[in-house]
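Asker: Listed below, chain by chain, are the residues.
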Amino acid sequence: MAIITFTSDFGTRDHYLAAVKARIFNYNPNIQVIDISHNVEHYNVAHGAFVLNSVFRDFPKGTVHLVAINSLNEANDKYIAARIEDHFFVGTDNGFFSLLSEKPAIVVEILFDKNVVQTFPEKNIFAFAAVSLASGKNLYDLGPNIAANTLKRMVSRKLKSNKNLIEGNVIHVDNYGNAITNISKTLFEETAQGRNSVLSFGRENVESIQTVYHQSENGDCVALFNDLGLLEIAIKNGSASQLLGLHYDSPIRISFSPEIAV
Amino acid sequence: MAIITFTSDFGTRDHYLAAVKARIFNYNPNIQVIDISHNVEHYNVAHGAFVLNSVFRDFPKGTVHLVAINSLNEANDKYIAARIEDHFFVGTDNGFFSLLSEKPAIVVEILFDKNVVQTFPEKNIFAFAAVSLASGKNLYDLGPNIAANTLKRMVSRKLKSNKNLIEGNVIHVDNYGNAITNISKTLFEETAQGRNSVLSFGRENVESIQTVYHQSENGDCVALFNDLGLLEIAIKNGSASQLLGLHYDSPIRISFSPEIAV
Amino acid sequence: MAIITFTSDFGTRDHYLAAVKARIFNYNPNIQVIDISHNVEHYNVAHGAFVLNSVFRDFPKGTVHLVAINSLNEANDKYIAARIEDHFFVGTDNGFFSLLSEKPAIVVEILFDKNVVQTFPEKNIFAFAAVSLASGKNLYDLGPNIAANTLKRMVSRKLKSNKNLIEGNVIHVDNYGNAITNISKTLFEETAQGRNSVLSFGRENVESIQTVYHQSENGDCVALFNDLGLLEIAIKNGSASQLLGLHYDSPIRISFSPEIAV
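Residue numbers (our numbering), protein chains in the order written: chain A, 484 to 745; chain B, 484 to 745; chain C, 484 to 745.
Next up, chain A with everything else stripped away, as it sits in the complex (with noise of 0.2 Å):
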């Protein structure tokens, strides 16, 4: 059975959600539409495409990933499927690609009848787009190739480094309130060849980056690499985003101890 997946932010008090899945089924009975989050936060381009990023690589290849973000925001943004990292993709050039993975991508712009106003083009446009290539159909079926290269680019933040030194930030903030950064593992461990290091956000500062969250106490804060090889702060049993006032974007330093010349 061929797999959609499904991300949006149209949260799930209306009927938004259910008249894509409809149409998907009308098309073909046999797909099973499989929900990633329809909590993503309204509009937040970058919190959708975090979620969708952190998980879309565990789908078989092959899956079709239908996304559901601010497809009305500008006139000129264009609805687009693509193939990226054995991956398919439905969803609108608003920048949300570009965060979503920086590997190569296939790019064609769906065509649809543009005499007729899209109040609803997951619905109308993206549920036919996603049951094509989840039925098998080609990618070029859709409409033209356009270049990746002329996709909306959203930047977001780099991570500035040196051979003392790491600064990043954070960019998710989960459920539990763990505050996820893009400082990953190889960075950390190439950058610190064994030494010591300080981990320094606000006012605190962390001298033991932990492999396992269960070595502290309830209340501890602790910084540890998470399954996506993310640095990752958290508050055993609390919030991190709440009692250490970590938010999206709030920055994060890691100095390790300078080589004492010999």
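Just so you know, not all the hints are guaranteed correct.
Unchecked claim - Far from chain C, by Cβ distances over 12 Å, these chain B residues were calculated:
1) Ala505
2) Glu650
3) Glu690
4) Leu726
As the list claims (entries may be wrong) - Below 20 Å or equal to it, Euclidean Cα-Cα: the simulated DMTMM-like pairs (lysine to aspartate or glutamate) are:
5) C:Lys597 with A:Glu557
6) C:Lys635 with C:Glu592
7) B:Lys597 with C:Asp710
8) C:Lys635 with A:Glu700
9) B:Lys561 with C:Glu700
10) A:Lys597 with B:Glu557
11) C:Lys719 with B:Asp710
12) C:Lys719 with B:Glu557
These are calculated hints, taken from the structure and not from any lab test.
Here a beta-carbon is modelled for each residue, glycine too, at the ideal position from N, C-alpha and C.
Since the structure of chain A is provided, determine the placement of chains B and C on it from the hints.
Answerer: Showing chains B and C alone in chain A's frame:
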């Protein structure tokens, strides 16, 4: 695979939702249950009817729609199954169905053992009825026919209109804070006959009803006809409900320039 | 199609839920995953156990129930699979299973490579274990047997009762604000022997325990035995928790008229 849709005010913190689904799977493991919404406001029959009315026709004809909203309110509320617009419904005769559709309905009262006190009819009565219908059984297998005009009626706000004026109401505030009204595009166009119009609500006057959402700037008020063909008042990237004070039942008025005598 | 149910405190804003499901589908695309709840209060093992205990028996025997609540709390918490009441469970030995059922359990400790730090055992360990069991593999394929009486115990509040009195507690406040207690209909009826009773909590006294919800007026306090056979205190069309100050663990007392000596 037959489909049962499921609309409720159960929320998602408890076992209620899963209890109904488990019962359905016990009767027939090959049925696909599609959630419409379980975050209908508690006991709010009008909210639930708006949501299901907005989407049920998007499902294949013959789909069964199970409705679990305020089923225990009144001692004499009947449990019913109905065929309306080639779809099947199972729920409580508490006014919900009068708000769902004004088309002809074939209705049966679902028989059950009235010596057993029902505290959870959705699990103990509706699941079986929905599975029966989804499995192709006849409506009359569930109980005797009752006249559709004996169903409880809730009166929805009616539009008033003359040749220069339409007066309607907000009938739903969605998850984004968009205010959806009962003023249809069809009525608007018939009345407008190409004339200019002014939309008024509270202290606001909007000179133009736009056809597309994205012609405006962030924070602008946008009035457009949505995918349901209904006038919707939105704030671009904001909540019209909060910022404009629009709530369920708020009055909305459209006045048209009188024709000038020549 | 085999069923895996899924109960967690993951919420629905992040990728955690989809990450576990993707792993399950990668192992076996023909498994149906049914969400019980993902809005269990964070780390609240008692809440999760109440919800799953209230519904797991409604699923077909042999169903696998994956539990993801507070899995990283303590370093020595084992990951276990268990067979209880002809159902299978996969989760963490953190006290959850002692609250789930008092029936005999066959338990195995799930083996995994302890050199790999586990920050997401639900995805990396539980998904595989659940799919194995759902695919018909033996419990002992997952790891060695451990004695059920070595599992961590959390003590739930015990009822006190004598021939004129039952003292219990609120064990769950549901999404409507209904307060569900640990006082069963069976105990009540055995104790009452047809006598009148007074239900007391806080400053309230309720003279009668009703059998049906709808005999009361809006705003009335209703006490009835629910579908689980447990005494539940509700406010018709209101929140008993808010209006009566009933919370998890609030004491509830039922006193019966003493028999009069003749």
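Asker: Now, for every hint given, state plainly whether the structure supports it.
Answerer: Going through the hints against the structure:
1. The non-interface label for B:Ala505 is inconsistent with chain C: the shortest C-beta to C-beta separation is roughly 4 Å, within 12 Å.
2. No Cβ of chain C approaches the Cβ of B:Glu650 within 12 Å, the least distance being about 30 Å, so the stated non-interface status holds.
3. Its beta-carbon lying about 39 Å from the closest one in chain C, B:Glu690 satisfies the requirement of being farther than 12 Å from that chain.
4. Annotated as non-interface, B:Leu726 keeps its C-beta farther than 12 Å from every C-beta of chain C; the closest such distance is 24 Å.
5. For the hint pairing C:Lys597 with A:Glu557, the CA-to-CA distance comes to about 51 Å; that exceeds 20 Å, so the pair is violated.
6. Note on C:Lys635 and C:Glu592: the hinted pairing holds, with a Cα-Cα distance of about 13 Å set against a maximum of 20 Å.
7. Taken as a hint, the B:Lys597 and C:Asp710 pair is honoured in the structure, with Cα atoms around 15 Å apart against an allowance of 20 Å.
8. Taken as a hint, the C:Lys635 and A:Glu700 pair is honoured in the structure, with Cα atoms around 19 Å apart against an allowance of 20 Å.
9. Taking the CA atoms of B:Lys561 and C:Glu700, the gap is near 18 Å; set against the 20 Å cutoff, the hint holds.
10. At roughly 51 Å between alpha-carbon atoms, A:Lys597 and B:Glu557 are farther apart than 20 Å, so this suggested pair is violated.
11. This hinted pair does not check out: C:Lys719 and B:Asp710 have alpha carbons roughly 37 Å apart, beyond 20 Å.
12. Only pairs whose Cα atoms come within 20 Å are accepted, and C:Lys719 paired with B:Glu557 is accepted, the gap being roughly 11 Å.
Consistency with the previously given hints fails for numbers 1, 5, 10 and 11, ordered from lowest to highest.
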